[in-house]
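2 protein chains.
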Amino acid sequence: MKELTFKACDMHVHFRQGDMLTKVAPLTAQHFARALLMPNTTPPIRTAADARRYKREVMDACSQYKGFEPLMTFKILPDTTPEMVRDFLPSLGQIPIAVAGKVYPKGLTTNAQDGVEDYFELFPVFEVMQELGLILCLHGEKPGKYIEGLDRERAFLGTLKFIVATFPDLKIVMEHITTDAAVNTVLDMPSNVAATITVHHLLLTYDEVGVDKMRPHNYCKPVAKRAADRDALVEAAISGCPKFMFGSDSAPHPQHKKECSECCAGVFTAPIALPLLAEIFEQHNALDRLANFAGRFAWRFYEILEFLDKPAKQVTLVKEPMVVPEKYGDVVPFKSGETISWNVKN
Amino acid sequence: MKELTFKACDMHVHFRQGDMLTKVAPLTAQHFARALLMPNTTPPIRTAADARRYKREVMDACSQYKGFEPLMTFKILPDTTPEMVRDFLPSLGQIPIAVAGKVYPKGLTTNAQDGVEDYFELFPVFEVMQELGLILCLHGEKPGKYIEGLDRERAFLGTLKFIVATFPDLKIVMEHITTDAAVNTVLDMPSNVAATITVHHLLLTYDEVGVDKMRPHNYCKPVAKRAADRDALVEAAISGCPKFMFGSDSAPHPQHKKECSECCAGVFTAPIALPLLAEIFEQHNALDRLANFAGRFAWRFYEILEFLDKPAKQVTLVKEPMVVPEKYGDVVPFKSGETISWNVKN
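From first to last, the protein sequence lines stand for chains B and G. The first sequence: position 344 = 344 (the numbering used here), numbered continuously. The second sequence: position 272 = 1272 (the numbering used here), numbered continuously.
These are computed hints drawn from the structure, not numbers from a lab. A hint or two may mislead.
Unchecked claim - Once the Cα atoms are required to be at most 25 angstroms apart in a straight line, the calculated SDA-like pairs of lysine to any residue come out as:
1) B:Lys213 with G:Gln1283
2) B:Lys145 with G:Glu1279
3) G:Lys1243 with G:Gln1283
4) B:Lys213 with G:His1284
5) B:Lys213 with G:Glu1208
6) B:Lys142 with B:Ala61
What the hints assert, rightly or not - From the structure, some residues in chain G lie toward chain B, with a derived Cβ separation under 8 angstroms:
7) Leu1004
8) Lys1007
9) Gln1113
10) Gly1115
11) Glu1117
12) Phe1120
13) Leu1122
14) Gly1149
15) Leu1203
16) Gly1210
17) Lys1257
18) Ser1261
19) Pro1325
Stated by the list, open to error - Covered by chain G, according to a simulated footprint, are these stretches of chain B (three or more residues, beta-carbon under 8 angstroms):
20) 221-232
21) 255-264
Glycine included, each C-beta is placed from N, C-alpha and C at the ideal position.
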């Protein structure tokens, strides 16, 4: 029986807060050694104190899973100051309280009403992040009312180029890319620029979100694009290029907030992401590259030193069918009720 | 106070059957003099006997509205025969039992699982329709699994060209067009080829359907496209070109079949279509052309002789605000709860 064992990292995941956190965090912790937690909680994670408190909550919720550790981020808002950023790394050489700051474009996804319209305003913050070696994570869609939704990611690439040119030593991750244009732009950039790719964007086109059928459980931001875009993402993920890392963007919402008018954006994949990735990579004869895409490339780019010191759990994927549960609590997962040809070995 | 009085025609509307018919048919009959009823009921309207029975049901439901008359259609299926078509016009020169036949592409909209994949198969039927002067209505999206949803209308234009070239005397209506490509193709064709345009496609882009927000009550087939497409549709509707007629494609579905996963396709506009059209036409300084777009062009193209003999009700639109009801029964209308600057005078 085919098996694959490695230390898995999910470099983009939403745990939310409160009861939802308690329910979903262990579903990530049981498979992954490290996960980068998004800071767009309610209220957001803005300060070092916020990040410390949030990390404790997550560690408490996941205490049964040794060898899992959350990597913290902070939300960069128009009023974030360089001083607030310095707090995340009290002394150089230490492990920072948060490893990355995340910028959300105003109004374009869940809890982004407080997001950014003018990236220039953030340059003093980016300057300090570059100095401290903190990573900048970008939701790569351009805000503003004169851009159509399906064009926002392509329109953002100019903004990305300008930030990259201005801060040559800043490590930047364009999150959950969805277009061939983004793949090519990131490929053309220097090695301090990388991207995450979700598992659902390796499978979906817009037809499965809102054209052929309207499927709110497949709806996320940025929305899946065309088949040519999806194919470019698969190509990037299996390429072995260390610029492309796995980030699930797994985002839980209760069923009634998905099956409604104006549903929340987010696809819940955390507990099935690794089996699905194994299925996709196997289909493309690239199973030997999965441990890089969904693990090693992340801890190299993020320089997750703790991997050397602290225990990091391994996951073993095994080729045997699993049926995706209809629900996890009141959250309907991606591929609900469908069968995947890989599973996680207990 | 601005007023506008004319005989309105809705050349594409769904009444469905049973209780839904009883509820929605009067909402059309109270405003429109004529309406072309789509035959994709359950079961479908396939034969002259079906059409006679369905017309009676509609007339019964609308008996309080004198001067309204439904125009019947039949559903053209792979097994429709020329003989079945001849039944719709028992003797030449008479008013036909159905004025048009409608082709649905397989699987692409509500009740289209029995639809067509191979248009060649239908050529014997088209031949008889051409001979009898019956009109061919086409849902203009190309079926088949290798075409992306957003491309289906453009892909269909080749099929349309071939049918038009093969049957030069067949009157053809491409229904509910959604792209600038369809506008231009219809414009380039001879005068026996026309198109209907809905009111929601004059207002929506897919951002308001499934990208910026996911709004199932705006979801229909074909889905709204880009801003440039919407603008081309507005241009066509207000142009004064008699090839472009109003057809609402109003399609009622109960709320629970819209606010769910894999919702039904269809936007319910019947009771607010004329006020909305007046608002749009006024915004574009084209109010004087509304009576043509939403009336005269239809009865000319369809040669609705009954207009001369039978009473045809007039509608008076008046510039005064109306608030769209949240619901009509359990059907949530387009623009639910919003205010329109025009109303229908009682």
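Notebook entry, point to check: Going through the earlier hints one by one, which of them does the structure break, listed in rising order?
Noted result: The structure conflicts with hints 1, 4, 6, 7, 8, 9, 10, 11, 12, 13, 15, 17, 19, although it agrees with all the remaining ones.
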